[in-house]
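Chemist: The residues making up each chain are set out below.
There are 2 protein chains.
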Amino acid sequence: MKTSLYALVAASLIATPLAAQPANGAVAEDFKPSSLNQPGQDYPQVNSQGYARFRVVAPEAKSVTVSLGLGGRGGTTLTKTADGSWMGTSEGPLDQGFHYYHLSVDGGTFNDPGTLNFYGSTRWESGIEIPASDADFYALKPVPHGQVQQILFNSPSTGTQRRAFVYTPPGYDANKATRYPVLYLQHGWGEDETAWSNQGHANLILDNLIAAGKARPFLIVMTYGMTNTVHPGQPGGLASFDIKPFQTVLLDELIPYVDSHFRTLADARHRAMAGLSMGGFETKLIAPTHLDRFGAIGLLSGGTISMDDVARWPGFKDKVRLVFVSFGSRELDRGRTMLPPGAPPSDPRANAAALKAAGINSVFYVSPDTAHEFLTWRRSLHEMAPLLFRD
Amino acid sequence: MKTSLYALVAASLIATPLAAQPANGAVAEDFKPSSLNQPGQDYPQVNSQGYARFRVVAPEAKSVTVSLGLGGRGGTTLTKTADGSWMGTSEGPLDQGFHYYHLSVDGGTFNDPGTLNFYGSTRWESGIEIPASDADFYALKPVPHGQVQQILFNSPSTGTQRRAFVYTPPGYDANKATRYPVLYLQHGWGEDETAWSNQGHANLILDNLIAAGKARPFLIVMTYGMTNTVHPGQPGGLASFDIKPFQTVLLDELIPYVDSHFRTLADARHRAMAGLSMGGFETKLIAPTHLDRFGAIGLLSGGTISMDDVARWPGFKDKVRLVFVSFGSRELDRGRTMLPPGAPPSDPRANAAALKAAGINSVFYVSPDTAHEFLTWRRSLHEMAPLLFRD
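Protein chains in written order, with numbering that gives the first Met the number 0: chain A, 0 to 390; chain B, 0 to 390.
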């Protein structure tokens with residue numbers, strides 16, 4: 000397990016947003032505040048082409064740079080202006096969707112005071128949103144809304160009170176006789192249980208799908224996928240990562256808690272597991288060997304399932320009702336398909352096709368023009384949700 | 000209303016934590032990471048005396064200061080160490096409990112990358128926790144836990160989808176025939192609907208009280224108390240503040256949503272309103288003139304109710320089942336009792352006694368050795384909750 004997870008992280012860390020070349024050098028001067036800015040903050044801004052413009056006040060600083068801007072080429076360097084603030088514009092347009100970033104001010108790492116923070120890379124990072132052409136599917140709209148609730152559940156195996164977030168769909172409170180399927184949805188390495196609702200808008204994606212009659216109402220449960228964190232100690236390390244402790248928390252503690260505290264359909268047919276990046280890897284480690292618990296599997300930028308895998312898992316072909324595998328197109332462009340080092344070359348698209356040919360309900364999805372980032376995963380959830388729990 | 004709210008804010012802004020003199024100059028070298036640090040972060044630290052020690056990496060910076068440390072005297076100046084980091088210790092111990100702060104790095108305002116962020120002063124600020132001698136009452140313990148859920152409700156009057164957090168007590172899901180009272184609990188100026196659960200631990204306070212049999216299980220609803228914010232536009236300004244728009248949201252939109260989506264006891268006897276600082280002021284503006292909706296009132300560092308007030312409110316004496324007024328002792332020491340400018344001098348303790356003498360269930364509470372900060376309000380909630388909804 001160890002080497003595989005390292006590979007995932009390595010892939011993740013280099014998957015910074017791709018900055019295209021400037022479009023004829025003409026940057027449209029229609030910049031507006033990013034939707035993730037703190038109340039009242041004018042910067043950072045984004046324009047209609049996807050350029051980002053930053054402004055940071057630090058009149059006595061020697062240098063201010065932004066980690067975001069040009070994949071692998073050092074980000075955006077800000078320059079001091081007459082009023083003492085530091086400003087700069089990304090050299091090219093950024094990919095659509097959500098990006099983590101931070102500032103370097105005189106050699107120190109700080110967040111941009113203009114924006115909200117999101118947990119990624121094992122720290123609360125600044126976030127910026129480049130409006131996506133299809134942003135409507137995760138927009139906050141006047142439709143019936145489900146609720147996202149924090150639960151604290153007792154975990155004897157770790158000796159902790161652990162947190163999860165549970166999305167209950169619109170109507171959950173009113174339809175008191177209805178029981179619902181459940182998707183267990185995991186975050187990626189360096190993130191935590193806040194990611195799927197904060198950065199991912201999982202709740203809004205489901206609200207909108209349900210309002211449009213495109214998905215069956217179901218619960219989503221999101222918890223922290225590592226157990227070797229003692230807050231305020233060290234974040235979950237990968238060197239010591241072992242799936243077993245988290246598997247125990249999930250199977251023996253969280254699922255029983257959810258099934259006893261919520262009106263769930265508590266069988267494998269109505270329970271799915273999916274995750275992004277490391278969360279997909281965890282899904283592949285847990286769900287296929289516990290087919291009495293899970294009937295559907297989703298790997299979002301988090302690996303592939305081959306016929307060789309299927310051969311290792313008794314009953315997989317007959318029991319699993321959906322295998323959903325997705326990537327951002329830029330991940331495939333770059334050949335980074337989240338495979339453990341030493342594994343034989345494996346084309347996730349071909350693998351998905353082989354499963355389909357073998358009679359498994361296998362779906363492969365590629366998010367256009369996105370990398371190992373959250374727009375890939377928002378879109379993946381949006382594609383996967385309608386396919387889940389179709390009795 | 001305008002001038003009164005300005006007074007509140009002015010009082011709030013000067014209520015920085017009081018730093019006592021060093022205890023014989025001997026600073027105990029038993030510093031430990033603050034409980035609010037980000038995972039894996041060693042700084043800031045606090046010692047057993049309440050001193051705070053900061054460490055910020057910014058090797059090329061000219062100056063780094065911390066806004067926290069000495070009330071009104073400029074905070075803590077860090078000095079550069081051999082390894083390029085900046086370190087410093089508060090000149091004296093800080094008050095117990097939660098404090099907001101931020102850094103000034105070369106003239107710019109940034110958060111401390113070591114800590115979690117909390118919304119206050121209309122920005123996400125750094126937070127540090129000085130362990131309180133009575134911290135057990137808001138600790139996360141292995142008792143049955145309620146849930147904190149985010150709801151999004153439609154607000155026709157503002158044309159927005161608005162957010163609130165709802166605490167449901169342990170047992171809410173299991174006891175499907177039980178209906179519960181509701182406390183509407185407001186934050187202070189510059190804060191938002193996240194404050195009472197993030198900084199205030201309102202959920203843990205109730206969990207622990209309920210586990211000890213000291214409070215009746217009830218719901219807590221926390222929403223944003225200003226309506227003139229257009230995210231990502233300007234935060235709610237006080238110059239244009241008018242209670243009416245928020246009153247409409249609360250009375251005509253949020254309460255009906257809560258009563259239709261949760262199993263509530265939807266009468267005045269089982270509905271209370273309370274708030275801290277500006278939230279107390281809002282409570283006083285809304286609840287006493289809507290006694291068909293609210294049967295109990297709490298002002299936490301947020302004003303006082305006099306017999307002159309009572310005389311203005313028809314039915315108040317007969318209908319109101321609890322008037323809870325509290326302050327931190329340092330607020331009273333300093334004579335800052337949240338009164339509008341131009342109001343006659345009014346002693347909140349004497350006012351509370353006068354109400355009691357007049358036959359009103361009036362309770363006055365003073366939090367020992369705390370100022371206009373969250374330990375005052377955690378303790379106030381802890382004192383008030385057992386008194387609410389006693390049929």
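Don't read these hints as lab results, they were simulated from the structure. All C-beta atoms in this analysis are idealised placements derived from N, C-alpha and C, irrespective of residue type, glycine included. Fair warning: there could be bad hints in the mix.
[What the hints assert, rightly or not] Within a straight-line C-alpha distance of at most 20 angstroms, the following computed EDC-like cross-link-like pairs (lysine to aspartate or glutamate) qualify:
1. 175/A with 172/B
2. 213/B with 390/B
3. 318/B with 291/B
4. 140/A with 252/B
5. 79/A with 317/B
6. 175/A with 258/B
7. 31/A with 90/A
8. 61/A with 258/B
9. 318/A with 332/A
[Unchecked claim] Which residues of chain A face chain B? A few of them, derived with a C-beta cut under 7 angstroms, are:
10. 109
11. 150
12. 154
13. 289
Chemist: None of the hints should be skipped; say for each whether it holds.
Modeler: Evaluation of the provided hints:
Straight-line distance between C-alpha atoms of residue 175/A and residue 172/B comes to about 11 angstroms, which keeps the hinted pair within the 20 angstroms bound. Between residue 213/B and residue 390/B, the direct Cα distance comes to roughly 14 angstroms. Compliance with the 20 angstroms bound is thereby established for this hinted pair. Simply put, residue 318/B and residue 291/B have alpha-carbon atoms about 9 angstroms apart, close enough for the 20 angstroms limit, and the pair holds. Using a Cα cut-off of 20 angstroms, the hinted pair residue 140/A and residue 252/B holds, with the two alpha carbons roughly 17 angstroms apart.
The hinted pair formed by residue 79/A and residue 317/B fails the criterion: a straight-line CA distance of about 65 angstroms is larger than 20 angstroms. For a cut-off of 20 angstroms, the pair hint linking residue 175/A to residue 258/B stands: about 15 angstroms separates their Cα positions. Between residue 31/A and residue 90/A, the direct Cα distance comes to roughly 17 angstroms. Compliance with the 20 angstroms bound is thereby established for this hinted pair. For a cut-off of 20 angstroms, the pair hint linking residue 61/A to residue 258/B is broken: about 56 angstroms separates their Cα positions.
Pair hint residue 318/A plus residue 332/A does not hold up; C-alpha atoms about 33 angstroms apart against a cutoff of 20 angstroms. Annotation: interface hint on residue 109/A holds; nearest CB of chain B at approximately 4 angstroms, less than 7 angstroms. A hinted interface residue such as residue 150/A counts as satisfied when its beta carbon comes closer than 7 angstroms to some beta carbon of chain B; here the least separation is about 5 angstroms, so the hint holds. Look at residue 154/A: its Cβ only gets to about 10 angstroms from chain B, farther than 7 angstroms, so that hint breaks.
With a least beta-carbon distance of about 25 angstroms to chain B, the hint placing residue 289/A at the interface is violated under the 7 angstroms criterion.
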